[in-house]
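Novice: If you want the building blocks of each chain, they are given just below.
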Amino acid sequence: MSIIQIQEVSKFYADHTALDKVSFDVPKGCIFGLLGPNGAGKTSLIRIINQITAPDEGQILFQGKPLTKDHIKQIGYLPEERGLYKKMTVYDQLMYFARLRGMEIPAAKKTIHAWLEKFEATTWKKKKIEELSKGMQQKIQFIVTVMHNPDFIILDEPFTGFDPKNTQLIKDEIENLRNQGASIMLSTHRMENVEAICDNVVLLNKANVVAKGTVMDVRNSLKDNTYSLTYKGEINPTGFKDIVIKTQEQKDGNTTLHFTYNDKPNIQLFNNPSIEISEYREVIPSMQEVFLTLTDNSHE
Amino acid sequence: MNNIGIITGREYFTRVKKKSFILMTLLTPLLITAFYGIIIWVSVGQSSTVENQNIVVVDHSGIFMNKLEAPESVVFIPQEYYSADQLIVSDSIDAVVTVPNGYTIDHPLELKYESMSSLSVSNSSRIERAFKDVVRDQKLTKLGVDQTTIDSLQTNVILRQVKVDEDGSTSASNIGVNTGLGMALAFMIYFFIFLYGVQVMKGVIEEKTNRIVELIVSTVKPFQLMMGKVLGIALVGLTQLTIWIVLTSILSGVVGLIIGLNMGHMQELQTAANNPAMANVDMHQLQFVSDFLALPLAKIFGIFLFFFMGGYLFYGALFAAIGSAVDSETDTQQFMLPITMPLVFSIAVSFSIVIGDPNGTLATWMSIIPLTSPVTMMVRLPFGPPDWQVYLSMAVMLLSIIAAIAVAGKIYRTGILMYGKKVSYKELAKWLFYKN
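Going down the list, the protein sequences come from chains A and B. Counting in my numbering, the first sequence runs from 170 upward without gaps. Counting in my numbering, the second sequence runs from 66 upward without gaps.
Everything labelled a hint here was simulated from the structure, so no lab data went into it. Careful, some of the hints might be misleading.
Computed spacing ranges between beta-carbons, pair by pair [stated by the list, open to error]:
1. B:300 with A:334: 40 to 48 Å
2. A:208 with B:494: 55 to 63 Å
3. B:70 with A:392: 25 to 33 Å
4. A:249 with B:83: 51 to 59 Å
5. B:311 with A:185: 25 to 33 Å
6. A:303 with B:82: 22 to 30 Å
7. B:393 with A:425: 50 to 58 Å
8. A:329 with B:311: 37 to 45 Å
Calculated cross-link-like contacts (lysine-lysine; reagent style PhoX-like; alpha-carbon spacing at most 20 Å) [as the list claims (entries may be wrong)]:
9. B:82 with A:256
10. A:234 with A:197
11. A:375 with A:190
12. A:297 with B:204
13. A:295 with A:255
14. A:242 with A:197
15. A:256 with B:475
16. B:475 with B:267
17. A:303 with A:242
18. B:84 with A:238
19. A:295 with B:267
20. A:294 with B:82
21. A:256 with B:84
Quick look at which bits of chain A chain B covers, simulated, 3 or more residues with Cβ under 8 Å [what the hints assert, rightly or not]:
22. 212-226
23. 268-274
24. 361-373
Everything numeric in this text was worked out from a predicted model, so none of it was measured. We treat Cβ as the ideally placed atom computed from N, Cα and C, and that holds for glycine.
The following block holds chain A by itself, in its conformation from the complex (with noise of 0.2 Å):
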């Protein structure tokens, strides 16, 4: 079950196309990768999902059902542009945000203070956002996000900002709030993030999908038949046929190789009693390898 579906969805700007026909599907409580460099198409996605502009050709289905004006509610936007009323105080603004999204006032009491406790920021609510350092700023502005409890959270760079232990603290809420049901888009560019908390992940680039699948998928479909052999001792690797050599480290006494098979595993190479072998692997790009192997738009 899908939470989000993206049907063949164009938006063309008057100079260039922002969205190529892009299609894909958000399964429901997952963490969801939106990927891309920037112009790839991100940001228009996603203010199209929020409904702040509309698509030029194609639909947008929410929980099976055409994106209607009545979803707004059940989305939460955390947008890279980071944006509070600076003079207004940190209760007065979560409280107009939450009446915005249809909160009634006893229940936003009730949600603000339990937000503002779970970030130890209950002694911040009478303060103006100006007065507040960047990182508090943020965790207003994440509270802002999800407090209407919403079905579908979209979080635009949610770790901008954040020292370690907020990112941290940042992570482990979105992976609660996975966790109560909630599903999650995530749109950054640090991809040991994606590796670390994304589910799924989708690839844009130049206004098209180049990828879109599980993280294991995404990485598996790149990987091209390189292995990883750590050793100690002294060999010559070039002697062995039927391996092509393609990169080949020293370090502590250990010799790193990176190669391919032409046919089938040597065997002479795992057995030579010369060597200790301390490590045998397959290689696997990192999503940091898929990421610039997919965007790599330097030969065009």
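The hints should help you fit chain B onto chain A, whose structure is shown.
Specialist: Same frame as chain A, now just chain B:
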């Protein structure tokens, strides 16, 4: 609809809770009252404390002796002789008027006025008139006219305007009252449109530069956000206006009591009948008040409120559109001009040409075209423009508000999400036709 209410509430409460708003709202009536209080206090205080001028009259002709009637706050002291040296050492004598030898009523000569300080125009003419009256009376007596006839020749002419309406009813029309009221109302609207229109624009720019707008328009329609802002700020203005009116009325009442204006005034008015010289002034003041009260004040105030809100909504929507199209306040100049020009034009022309001819062609057109009508109609209103023109102007205003909000809404919707782009008028025109 509910969202507009929530946004309106935020715009309203964040503004009325500001210290600057509270200060300005409370201080302005105090300042206005203090200003008028001082003026009244000074003028009232002056008339009662001005010292009499003692003027020695040395009459070598004998014509004026015992016949001079001293004007207000002047005492004539007849003397056979009074030298300039005496004047210099004297504390009590302010001036000497010498009537030369050989002065006759048929052959008047120049009178000499000697004083240590120069004479004001009003005192000079009052003293001149005192002497002139004596000569005239003597001439009339010589012609055989008796004193009672001479007294009865004193006549004052007051032009009393009465406006005749189409249905035959008449009402008082006082140019002074009409002009004063019209200008005051027009200026208030002008001031309000500028002050609060710019606030709308600043508010929009704030939301745009803080990027709050992206978050809000993911929840509410841009149009709701714009309307909430425009309406919220309108309520702030109405609150301020109401407080100003109430406070100014209370304060001026209090100040009036403190100065004792009311008491003194009533007594003066009662004695006015016996004092023909004073009667003119006070009759005039009385007339001023009664003419003011005779105006259709409820109707004027109702129409004022309409244009107060209407003018603001019309211009406020345009200000919102400007705010959405730019990235910072410094970029607003080029778009501000076409909005501020008609406003400045309307107040400049209304305070000169329209006041001179409140029912002329220019006045009529300016009070119907929505860019100038809020200001111009206020200037015309106390002069009683034809009803159909007032209603036509209001209808045009209503339609223009709807049009302005529709146009502004389209520009706003595109503008608030457009960053880092220098916008031209051509670009703005394109936005009007964007689908979404």
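Novice: Decide, hint by hint, whether the structure agrees.
Specialist: Checked hints:
1. The supplied range of 40 to 48 Å is met by residue 300 of chain B and residue 334 of chain A, whose beta-carbon atoms lie about 44 Å from each other.
2. The hinted range of 55 to 63 Å is not satisfied by residue 208 of chain A and residue 494 of chain B, whose Cβ atoms lie roughly 27 Å apart.
3. Between residue 70 of chain B and residue 392 of chain A the beta carbons are some 57 Å apart, a value that contradicts the proposed interval 25 to 33 Å.
4. Hint check: residue 249 of chain A to residue 83 of chain B, Cβ distance near 31 Å, so the stated range 51 to 59 Å is violated.
5. In this structure the supplied range 25 to 33 Å is violated for residue 311 of chain B paired with residue 185 of chain A, their Cβ-Cβ distance being about 58 Å.
6. Look at residue 303 of chain A against residue 82 of chain B: about 26 Å separates their beta carbons, and that is inside 22 to 30 Å.
7. Range check, residue 393 of chain B to residue 425 of chain A: Cβ separation about 55 Å, and the 50 to 58 Å hint holds.
8. The hinted window of 37 to 45 Å between residue 329 of chain A and residue 311 of chain B is violated, with their beta carbons roughly 51 Å apart.
9. A hinted pair counts as satisfied when its Cα atoms are at most 20 Å apart, and residue 82 of chain B with residue 256 of chain A qualifies at roughly 11 Å.
10. With a C-alpha separation of about 14 Å, the suggested pairing of residue 234 of chain A with residue 197 of chain A holds against the 20 Å cut-off.
11. Of the pairs offered as hints, the one joining residue 375 of chain A and residue 190 of chain A holds, with about 12 Å between alpha carbons and a cut-off of 20 Å not exceeded.
12. Taking the CA atoms of residue 297 of chain A and residue 204 of chain B, the gap is near 87 Å; set against the 20 Å cutoff, the hint is violated.
13. Restraint check for residue 295 of chain A and residue 255 of chain A: satisfied, since their Cα atoms lie roughly 13 Å apart, inside the 20 Å limit.
14. Taking the CA atoms of residue 242 of chain A and residue 197 of chain A, the gap is near 17 Å; set against the 20 Å cutoff, the hint holds.
15. Restraint check for residue 256 of chain A and residue 475 of chain B: the C-alpha separation of about 28 Å exceeds 20 Å, so the hint is violated.
16. Between residue 475 of chain B and residue 267 of chain B the CA atoms are separated by roughly 18 Å; this keeps the pair inside 20 Å, and the hint holds.
17. For a cut-off of 20 Å, the pair hint linking residue 303 of chain A to residue 242 of chain A is broken: about 27 Å separates their Cα positions.
18. Among the hinted pairs, residue 84 of chain B with residue 238 of chain A is inconsistent with the structure: their alpha-carbon atoms are about 38 Å apart, more than 20 Å.
19. At most 20 Å may separate the alpha-carbon atoms for a hinted pair to count; residue 295 of chain A and residue 267 of chain B exceed this at roughly 25 Å.
20. The suggested pairing of residue 294 of chain A with residue 82 of chain B holds, with an alpha-carbon distance near 17 Å, which does not exceed 20 Å.
21. Between the alpha carbons of residue 256 of chain A and residue 84 of chain B the distance comes to roughly 13 Å, so the proposed pair stays at or under 20 Å and holds.
22. Against chain B, the stretch 212-226 of chain A contributes 6 residues with a C-beta closer than 8 Å to a partner C-beta. That satisfies the three-residue criterion, and the hint holds.
23. Note: the stretch 268-274 of chain A has 3 residues with beta-carbon separation from chain B under 8 Å; the three-residue rule is met and the coverage holds.
24. Look at the stretch 361-373 of chain A against chain B: 0 of its residues bring a Cβ nearer than 8 Å to a Cβ of that chain, fewer than three, so the hint is violated.
Checked against the numbered hints above, the structure breaks hints 2, 3, 4, 5, 8, 12, 15, 17, 18, 19 and 24 and satisfies the rest.
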